[in-house]
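Note that this note's numbering numbers the sequence shown so that position 9 is 9, with each residue one more than the last.
By construction, these hints were calculated from the structure, which means they are not laboratory data.
Treat the hints with care, as some may be off.
Said to hold, decoys possible - Below, a list of computed lysine-lysine pairs in the PhoX-like style, where the Cα atoms sit at most 20 Å apart:
(1) 17 to 7
(2) 17 to 54
(3) 14 to 43
(4) 43 to 7
Bear in mind the structure is a predicted one, so any value in this text is a computation, not a measurement.
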Amino acid sequence: MLGQDAKSTNKYPKLLKLSGEEIIMISEHQKLIFLNDHHIEAKRIANVSIDIKKFPQLNTSNREITILGVGNLSD
Numbered sequence: 001m002l003g004q005d006a007k008s009t010n011k012y013p014k015l016l017k018l019s020g021e022e023i024i025m026i027s028e029h030q031k032l033i034f035l036n037d038h039h040i041e042a043k044r045i046a047n048v049s050i051d052i053k054k055f056p057q058l059n060t061s062n063r064e065i066t067i068l069g070v071g072n073l074s075d
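Generate coordinates for the entire structure from the input sequences, incorporating the hints supplied.
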């Protein structure tokens, strides 16, 4: 599950009656939200972050970076 799927407004966990073994979250934070809202502890996390220690340092000089954020701003 990801994003708003972890929130209490998601009716499907109750309807599907999934166990924690059948649910995969994308982060520890999402896992805690899901546990708090649905009282089911997801046993697996498919972490989507990158461990920078596994890659060599590239482009170490000073660079100007523009950041583009994309997402959902609704509650």
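*Which of the listed hints are not met by the structure?*
2
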